[in-house]
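K.L.:
Take a look at the letters that make up each chain.
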Amino acid sequence: MISPQRTEVTRIVMGSGEKDEPLLSGRIVYIVDDDPSVRNALTRYLAVMGMDVMGFDSAEEFLAQLAGLPAGLLIVDMQLPGICGLQLIREMARAGIHWPTVVISGSHEGHEDEVALEVGPDRYLRKPFDAEALLRALHFAGIEE
Amino acid sequence: MGGHTNSDLSTRSRHLRSWLIQASVVFIAYYLAGKLGQASAERSSNLGPLWPAYGIALAALLRLGNRMIPVVAASAFLVASQSPVPIVAAAGQALSTTFAAFCGSYLLRRLSFDCSFARLRDSVAFVTVGAFLSPVISASLGTAVLYLAGIEPYSHIMRAWLVYWMGDGTGVLLATPLALSVSNFRSQIGLKRLPEYVALNVLLLLPCFAIFVDSGLTEVGRDSLTFSVLPFIMWAAIRFGVLGTALSTILVATVATVATAHGEGPFAHNETFTNAALLDVFYAVLSVTGIMLAALIAERTRAEEQRDELFRAQAASQAREEAEKDAALLRDKLAHLGRVDMLNALSGTLAHEINQPLAAIRLNTETAIFFLAKQPVPVDELGAVLGDIREDGKRAGDVLKQARALLKKEATSHQDVDLNSAVQDVARLLQFSASRKGIQLDIVLGSPAKPISGDHVQIQQVVMNLLMNACEAVEKREPSLRHVRLTTSFPGHAAIVAVTDTGPEISEEAMGHLFEPFYTTKQGGMGLGLAICRSIVHAHKGTLTAIRNPNGGITFSAEFPLAGSAASENIESGQQVHINS
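Protein sequences, first through last, are from chains A and B. With this note's numbering, the residue at position 123 of the first sequence is 123, and numbering never jumps. With this note's numbering, the residue at position 314 of the second sequence is 314, and numbering never jumps.
Isolated chain A, as found in the complex (with noise of 0.2 Å):
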């Protein structure tokens, strides 16, 4: 599950550009995806972008490691089984936690798009999303806070 694993980015190749560097690099990134794939390779990307990465893969095994972990930028699916990537906020912020979230969705029925008022528009992505598309939204998310 964690990966811990921590590559030095020298250099971002991403067209926005060196300012996002300093924020994200170095930072914990928390994943919870139920799909392999998906967070294998969320996992890498972030990583070799230089932050480090935790994976889970059900928002119950997040939660239930939640007291002991750093603050970090939580990347979040919405459709787990169990408990959804939206009950997951409502459960940090009900427990006075306020991390900078992005939410990914894999499906677009309607319904997603309440989620994207309730997290922000621009910390909403549909999968497949760009990779530049999520490293902003992570930009934004972390300046918020």
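These aren't lab readings, by the way, just hints derived from the structure by calculation. Note that the Cβ used here is the ideal one computed from N, Cα and C, for glycine as well. There could be a bad hint or two in this list.
To be verified - One-sided and incomplete, this derived list gives chain A residues near chain B with beta-carbon spacing under 10 Å: (1) Leu24; (2) Gly26; (3) Leu125.
Unchecked claim - Listed below are the simulated EDC-like cross-link pairs for lysine to aspartate or glutamate, each with C-alpha atoms no more than 20 Å apart in a straight line: (4) B:Lys401 x B:Asp341; (5) B:Lys408 x B:Asp332; (6) B:Lys408 x B:Asp341; (7) B:Lys408 x B:Asp418; (8) B:Lys437 x A:Glu132; (9) B:Lys333 x B:Glu322; (10) B:Lys437 x A:Asp57; (11) B:Lys437 x A:Asp34; (12) B:Lys437 x A:Glu60; (13) B:Lys333 x B:Glu505; (14) B:Lys437 x A:Glu114; (15) B:Lys476 x B:Glu516; (16) B:Lys374 x A:Glu132; (17) B:Lys401 x B:Asp418; (18) B:Lys408 x B:Asp398.
Starting from the known structure of chain A, fit chain B onto it as the hints suggest.
P.N.:
Here is chain B on its own, set in the frame of chain A:
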């Protein structure tokens, strides 16, 4: 064998009774015909110019078989013994008549003669063998008997033979067709056409009188009028068959014989022997013409009927084929509609299933590009990333392939279908949406002996429909009750896929409507799913049933015959659409 049962006895007594009846009829008919022949016979030798009794004997053996031989012999002996010939000669005459009739009937049967004169070959065989050949035997034996008995002197032997032969021959030509076809009265003449037949015979009497009765009107050329009766005989043959022509010929023969006996008509000019010979020729011409024509007509009528029957059967089978084709087309269209409907409901799931690998591919691509820019390029890491991209690309492609298979709009094809693999494909497609809704989906597969013969897509459609219905039935239940179980089993020559859900209790009434089209409890559903499923299963010669589970929910079972089993033969693409069954 321990003796006869009651039914044996009753069968025997029935046979005896029918033989007695037939024997009496034959005996009396022969006797009367014999008396009629004797009326015109030379008193001394029991030889007449017309001997219808021989015709009766031949008809009896042809129609009723050799068991009539003793009857014919007895009756012939009785008739002969009532003539002036000695008793030994009478016995000889009776035996020669019976033997000749036996030979005639045997030969005719060998030539597969049909007593209904339905074919020209029947008439030809009858005239040649029955009327010309078999009297050669009776005449030869009979004349020999008369000679040996001293009744016919040697000087008259040829003449006696001729009279014998001609009498028996015309007897056959006149009496046998009547005796053989009198039971066909209803089909050949019938009450409805009886007036026409009576009119024919009344008209026939006109030339008869003109020929045979001296009215003083037509003194000249009466002889040449003789054959003016022929058109009437032909009329009878064309319209009233063998029976009609036989009766009319007998009518003419009666008039001619009586007139000639009274010295009237064209056959009364010469000495008795010549008169008799000319009369016989006259009868023979009328009779042979009539019988041949009647047989030709019967043959043509039968051919026409067969042709019409063939046309009708062809038209009917063509119409049936077209109706079956239409029905098959309709069922395929409906099935396709059902799949489109199902995929509509699944579109969210499909999009999700494709978006997941696509998302991974895009992220991995960026990672790969990043690796490529590094010095030196981390080849192992790059290889791993590209491997993942390949896997995800394949995964997205598989989802699309499955969806496309369901959307195929082809007509039903019949190939070997593995029920288990069909179930697995469908389950893969549905697993995600099931787990997302917190539904526990259990798949238990049996091991099949043989595949099903049928349409892969349509069988998948049935499985998918049943699974989707089951998921819908449980998705609103409390989490511990969201359970769907699919099993496949293969007992005997069948393949069964059963889907059990733990949905809410269903009323008896709702159960009754389950398979009705447009009956639905869902919003937005067309209510065609189960109706289409049932029609698909029926088209595969299978059954689709639903039973209520004791603890709520329904179990649907689709049973298909295995390929090669009797029930799977003839799976028709053109079966009725069983939407309403």
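K.L.:
Please go over all the hints and tell whether each is borne out by the structure.
P.N.:
A quick look at each hint next to the structure:
no., hint, in the structure
1, Leu24, "violated, 14 Å"
2, Gly26, "violated, 17 Å"
3, Leu125, "holds, 9 Å"
4, B:Lys401 x B:Asp341, "holds, 18 Å"
5, B:Lys408 x B:Asp332, "holds, 10 Å"
6, B:Lys408 x B:Asp341, "holds, 13 Å"
7, B:Lys408 x B:Asp418, "holds, 19 Å"
8, B:Lys437 x A:Glu132, "violated, 32 Å"
9, B:Lys333 x B:Glu322, "holds, 16 Å"
10, B:Lys437 x A:Asp57, "holds, 17 Å"
11, B:Lys437 x A:Asp34, "holds, 14 Å"
12, B:Lys437 x A:Glu60, "holds, 16 Å"
13, B:Lys333 x B:Glu505, "violated, 33 Å"
14, B:Lys437 x A:Glu114, "holds, 19 Å"
15, B:Lys476 x B:Glu516, "violated, 24 Å"
16, B:Lys374 x A:Glu132, "holds, 19 Å"
17, B:Lys401 x B:Asp418, "holds, 18 Å"
18, B:Lys408 x B:Asp398, "holds, 15 Å"
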